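Asker: So the chains spell out like this:
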Amino acid sequence: MSELINKTIYEHIEALRKKEYSSVELTKAYFDRINTEDKTIGAFITITPEKALESARAFDEGKLPDTPLAGIPCGIKDNMCTKDIKTTCASKMLGNYVPPYSAHAVEKLEQAGAVILGKMNMDEFAMGSTTENSAFKVCRNPVDTDRVPGGSSGGSAAAVAAKEAAYTLGSDTGGSIRQPASFCGVVGMKPTYGMVSRYGLIAFASSLDQIGPITNTVMDNAIVLNVIAGHDKRDATSIDRTYGDFTADIKKGVKGMKIGIPEQFLGKGISPDVKKAVLDAAEEYRMMGAEKVSISMPSIDYALSAYYVISSAEASSNLARFDGIRYGYRCAEYSDIEDLYRKSRSEGFGTEVKKRIMLGTFALSSGYYDAYYKKALQVRNLVRKDFNEAFGKCDLIISPVAPTVAYKIGEKVGDSLQMYMGDAYSVPVNIAGIPALSLPCGTGEGGMPVGMQLIGPAFSESLLYRAGYAFENKGKRG
Amino acid sequence: MKLINDYEMVIGLEVHVELKTETKIFCSCSTSYGAEPNTHTCPVCMGLPGVLPVLNGKVVEYAVKAGLATNCRIAHYSKEDRKNYFYPDLPKAYQISQYDLPLCSNGYVTIETPECSKNIGITRIHIEEDAGKLVHDNTHGTMIDCNRCGVPLIEIVSEPDIRSPEEAYAYLEKLRAIILYTGISDCKNNEGSFRCDVNLSIRKKGETEFGTRTEMKNINSFRYVVQAIEYEYKRQVELIESGGKVVQETRRFDQESGKTFAMRSKENANDYRYFPDPDLPPIELTDEDIEEIKNQIGELPDTKKKKFMESFGLSAYDSDTLLYNPDMARYFEKVVQYTPYYKIAANIFITDIMRMNKDEFFCPITAENLAKLATLFGEQVINSSTLKKLFKRMWQEDIDPLETVEKEGLAQINDRTVLSEVVDEVLKKSEKLVKDYKDGKEKAFEAIIGTAMGKTGGKANPVILTEILNNKIKGEE
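Protein sequences, first through last, are from chains A and B. Start counting the first sequence at 0; every next residue gets the next number (numbering that gives the first Met the number 0). Start counting the second sequence at 0; every next residue gets the next number (numbering that gives the first Met the number 0).
It is worth saying that the hints were derived from the structure and are not from the lab. One thing to keep in mind: the hints can contain errors.
Stated by the list, open to error - For each label pair, taking beta carbons as the anchor points, the in silico distance ranges come out as:
(1) 34(A) - 84(B): 45 to 55 angstroms
(2) 72(B) - 293(A): 42 to 52 angstroms
(3) 373(A) - 287(B): 31 to 41 angstroms
As the list claims (entries may be wrong) - The calculated lysine to aspartate or glutamate pairs, modelled on DMTMM-like cross-linking and capped at a C-alpha distance of 20 angstroms, are:
(4) 82(B) - 337(A)
(5) 342(A) - 99(B)
(6) 265(B) - 337(A)
(7) 78(B) - 337(A)
(8) 82(B) - 369(A)
(9) 373(A) - 99(B)
Predicted, not measured: the structure shown is a model, and the values here were computed from it. Backbone N, C-alpha and C fix where the C-beta goes; we use that ideal spot for every residue, glycine too.
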């Protein structure tokens, strides 16, 4: 049965309807894979076999809605609330936290009849680029298990790459879907801010967080986004808009498309293998009938600094509720309320989280607000302006997702600055609130996958899928 | 006391008013008071991980009403900010409030004290959420009740224009009246829906610079505000006169002793790290939106008082009494549509109806019937004792006073001949009382009137009856 897990969502949809195999068989195949592989990979924090098989049986008995995702097994990043299922954010702070409600995106999947296999490993509270900040277990890159899978949605990307789930949901605050997708050689979409409801996503940086799918193919990705995109009145930042079928135009090709190549994304710090793969991909697009356009985005150099100020500031406030009073970790002994707060938070949070909380608290402090937070918001406007101008000259932008391929586990631990620099290409997209699709575009050092990102203006997801699909299937045409 | 007269007090008040929207500011939980602990809660107001706030539009509408009623400028663009601090009754560890762009600013209210009439400036009015309540208990320790978490509040910040406890009291009374008339809050001190922070400093009379101020938080009655001001003023004067310095600090007012005590100094004050809440889009209002809200505001107390005094000829005291409760004032206005006897109608409200009421205004008698009752008395068809009797019956059952007076013959007896006979009859049996009266016992006269009134079944016109008796005793009739 192991060949089942190698199929795409697109293939599962047809096979399940032709009854080539049942959802129960498919679900069991994924659990078999998890049982053999995940000891090494460490993609899951929690697995929910009983609940998954119950959904699978319900699908097989015709009790679930006949929607594309029905009966197909998936995984959810562990920062999205799942009713009655532990939701930990990979933190000791929420080690035993069981939410009384499900996130909007999870509800959408459940309503569509999805089979949820479990919850995915991640960097604690989504802060990190390697999943090494998980409080529970190491997560390894299935392509080379000595290497990191990227992060923070490392478990979500690794599971898809290791065929432990047909697809997963991740969240992307500064590249947390795209970078692990790139490191593991799979496809990840960071949708337009406001397209997928954040209700039930445990916030890291509210103005940047966005949920999106991680899949094996571009087509699969569009199929999943079809289900989770849409207005939700419980999220005031959710955009009241209806979306068409993201797969509708996917095969239309790129002829006549203008693809921008920004010089700032291919400059200092980029490793030659990544640069070559991305430039080769741009050339592929030209050969498929697209036009290459050189563009310049001068403000991008400041985006990374702005990102770390804004995201840390918001995080310092978002994570203040974890105080040991109502739920989550509470220290064993304390002398008074101050002591309870201090010890619970010191013991419950990991190093990276505490670092960001301190950074954000400082940036918002009276006397520093104007110099940091306010300045960062001004940079944010500049970045938006740069993108707007760029999209006057091209339909979409091609760039690397990260400056290097996946590196060795432990290699950058302790060198935060080096690690943060790795986010330089991914964060401008979050700062501007626009969508970007990450997909494999070749291999680099050590045979590791290189990912490129296609960046478009707000609500251009269909266009990005179209371009991504064309590249992914370039060899398959005549 | 001489020293104290050399100084003047400078007071600014911050008033928190709980809005009476049906649901909370960011979720659909009920705002009603007094429920079992933690029964009016949901993941949103409990601040569970992953939840998001969605602003209740009614809260904006109510706050704008407060702003318009206090002559404020209404912002076309404002935003909500997070005020960050740790406290067990604050589940998110931040309060959603408004920092630099409040909904309303630059207003004023006019107050009257025996000395003067003056405007007190309103610096700003902003919206925010209430926190929960800590309940201390000997067996369980400290527990948290989150029912109040997310109940909408407005904070009304005055300019430091207040110069005496009397002005502070008048300001609070006026503010309370305005808020009540806009219908956005019940302003119940005992339920904490109207509470006050007092900022107070002193300076030598004639100086223009402000002194160092202290803040007294969460005082929930106007009387305590006055006490706190009086105490704190005296404390600051004595401190300065004895060579000390006022320290900028937050002080607690103790209701038992009437004194204020230092809580925390400026150095230990929280840095709230305000920043715009990224979960909430800015609040944008068009001129049309503001106009629409303006049209929903009925007459405010100042306008009504003018009308009560000028059009209905009531005294300032009677007007204030009627206006204290907006529901009563509105019902009164309904009644006077049907009777020209405004003063009599006002008396029925002030003496008879108010006696039957507790906190809320309640009247089971229709406006038409109340008006008929006033007219019957005004036209001298019935006397005051019949009015009282009829009122009591009308409170119990739905009867038309006019029909009842006719059917039961309750009209007062104005006929001099009839009343004269009654008086004669009574005087025959009251020789001792007449003697007592002539010996100077005033009470004896009332006793004779009482007996005579009794003979007529309480229906005699008391004025005529008294006149006849008077004349007869003096031997003139």
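Asker: For the pair supplied as a hint, residue 82(B) and residue 337(A), is the alpha-carbon distance within the 20 angstroms limit?
Answerer: holds (19 angstroms)
Asker: Measure nothing beyond the straight line between the CA atoms of residue 78(B) and residue 337(A); if it is 20 angstroms or shorter, mark the hint as holding.
Answerer: violated (31 angstroms)
Asker: Are the Cα positions of residue 342(A) and residue 99(B) separated by 20 angstroms at most?
Answerer: violated (34 angstroms)
Asker: Given the proposed pairing of residue 265(B) with residue 337(A), does the C-alpha separation stay at or below 20 angstroms?
Answerer: holds (19 angstroms)
Asker: Measure nothing beyond the straight line between the CA atoms of residue 82(B) and residue 369(A); if it is 20 angstroms or shorter, mark the hint as holding.
Answerer: Judged against 20 angstroms, a Cα distance of about 17 angstroms means the pair holds.
Asker: Holds or violated: residue 373(A) with residue 99(B), Cα cutoff 20 angstroms?
Answerer: Distance ~13 angstroms between residue 373(A) and residue 99(B) Cα, so the pair holds.
Asker: Indicate whether the distance between the beta carbons of residue 72(B) and residue 293(A) respects the range 42 to 52 angstroms.
Answerer: Check passed, 50 angstroms falls within 42 to 52 angstroms.
Asker: Against the range 31 to 41 angstroms, how does the distance between the Cβ atoms of residue 373(A) and residue 287(B) compare: consistent or not?
Answerer: 32 angstroms Cβ-Cβ, so the 31 to 41 angstroms window holds.
Asker: Given the hint of 45 to 55 angstroms, check if residue 34(A) and residue 84(B) actually sit that far apart at their C-beta atoms.
Answerer: At 48 angstroms between Cβs, range holds.
Going through the hint list in order, the structure does not satisfy hints 5 and 7.
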